[in-house]
Amino acid sequence: MKDVAFVIAAYGVIIGGLGLYALALVRRLAAARRQSRPELRSDPADQGDGGRA
Amino acid sequence: MKTRILGFVALAAVLAAAGFGLFVVPADLNQGDAQRIMYPHVASAWLAYLSFGVTALAGIGWLWRRDLRFDAVAVSSAEIGVMFTAFAIWGGMMWARPVWGTFWQWEDPRLTTTALLLALYVGYLLLRRLSDDPARRATRAAIVGLVAAVDIPIVHFSVIWWRGLHQGPTFLDPNKILHPAAPLPFVLALVGMVLAFTLTWSWLMIRRYQLARLQAGHEEAARYGRVVRARAKARGHETTMTSPIDSGDATEAAR
Numbered sequence: 001m002k003d004v005a006f007v008i009a010a011y012g013v014i015i016g017g018l019g020l021y022a023l024a025l026v027r028r029l030a031a032a033r034r035q036s037r038p039e040l041r042s043d044p045a046d047q048g049d050g051g052r053a
Numbered sequence: 001m002k003t004r005i006l007g008f009v010a011l012a013a014v015l016a017a018a019g020f021g022l023f024v025v026p027a028d029l030n031q032g033d034a035q036r037i038m039y040p041h042v043a044s045a046w047l048a049y050l051s052f053g054v055t056a057l058a059g060i061g062w063l064w065r066r067d068l069r070f071d072a073v074a075v076s077s078a079e080i081g082v083m084f085t086a087f088a089i090w091g092g093m094m095w096a097r098p099v100w101g102t103f104w105q106w107e108d109p110r111l112t113t114t115a116l117l118l119a120l121y122v123g124y125l126l127l128r129r130l131s132d133d134p135a136r137r138a139t140r141a142a143i144v145g146l147v148a149a150v151d152i153p154i155v156h157f158s159v160i161w162w163r164g165l166h167q168g169p170t171f172l173d174p175n176k177i178l179h180p181a182a183p184l185p186f187v188l189a190l191v192g193m194v195l196a197f198t199l200t201w202s203w204l205m206i207r208r209y210q211l212a213r214l215q216a217g218h219e220e221a222a223r224y225g226r227v228v229r230a231r232a233k234a235r236g237h238e239t240t241m242t243s244p245i246d247s248g249d250a251t252e253a254a255r
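Sequences listed follow chains A and B, in order. One point on numbering: in the numbering used here, the residue at position 5 of the first sequence is 5, and numbering is uninterrupted. One point on numbering: in the numbering used here, the residue at position 223 of the second sequence is 223, and numbering is uninterrupted.
Treat the hints as calculated values from the structure; they're not laboratory data. Careful, some of the hints might be misleading.
[As the list claims (entries may be wrong)] The calculated label-pair distances, taken between Cβ atoms and stated as ranges, are: (1) A:A30 / B:A234: 34 to 42 Å; (2) B:A16 / A:R34: 14 to 22 Å; (3) A:G12 / B:A115: 17 to 25 Å.
The beta carbon of each residue, even a glycine, is placed where N, CA and C say it ideally should be.
Input sequences plus hints: build the corresponding full structure.
Printed below as a string of C-alpha cells:
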C-alpha cells in the first residue's frame, strides 16, 4: 500500500474522532440527566410552553 | 430506544463503509491509496454544509417564533458542524500531501474559505458563552449564524468561480461520480460513506439536542433559584427596614 501513513492518519482521526465525540456526548448527556431533578427529566419545556419560560 | 437503535445502525454503517473504502475498493490508477481518503473527506464536507445550513435555519426559526428549541437545534448543529469541518480539512490535508505535494495552500479559494468557515463557527460557539440570558444569547447567535452561513455557498462554488488546486464538485459534475461509466466500487464507497456519516449525524443531532434542552433546563432552574433567593433577601431587608419592631416576621421572610 502506497501512502498508507496518510490513509491511516485520515481514517484514524476522522473515525476515531467521531467515536470520541459520540462517547463524550453520551457521557455529557448522562451527567446532565443525573444532575436533573426528576421533573426536568421529562423535559416539560418540550411539551408545555415551548421553552419560552 | 429508537435513538439507541439508530446509534447502533450508524456505528455499524460507519464501520462497514470504512472497511469497504479501506479494504474492498481497489486503489485508484492515478492517485493510488490516497484516493481512499476521499470517502470520509467528501462525507465530512457534506455534513459540514448540512450542519451549518441547519444552524442558519434554526436561527431564522428562533428570530421568527422566539422558541428556545430552535436555539437548541442551532447550537447542536453548529457544534457538530465544527467537528465535521475539522474532519473535512484534516482529510483533505492528508490526501493533498501525497497527491498535490503539499498539505495546504493559502492561495486556494476552497481551502481558504473552508478554514474561514471553521473559524466563523468556532467564533459562533465562543460568542454563545458571552451571555447568560438565553434570549439575548439566542438572538446574537442566530444573527451570527445567518451571517456565517453566507460562507457556505462561497465554499461550495469557490472551485467554479475561481481557479485553484482543488478539483471541481464531486457530486454535481455529471462527468464524475454520476457518470454512467464511473466504476461501481468507487461510487458505492463514496455514497455508502456519505449515507453512513449522515446516519451518524442524525444520531449525534438527537443526542446533542437532548443535552442542549437539559442544559437549558438546568440554566432556567439556576436562574429561578437566584431570583427566589434575591427576592427573599430583599423582602427580609425591606421588612427589617420598615418594621424593625416586628423581628419575628422579618426573620420568617428572610428564611
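Hints, verified against the model:
no. : hint                       : verdict
1   : A:A30 / B:A234: 34 to 42 Å : holds (38 Å)
2   : B:A16 / A:R34: 14 to 22 Å  : violated (34 Å)
3   : A:G12 / B:A115: 17 to 25 Å : holds (22 Å)
When held up to the earlier numbered hints, the structure conflicts with hint 2 and nothing else.
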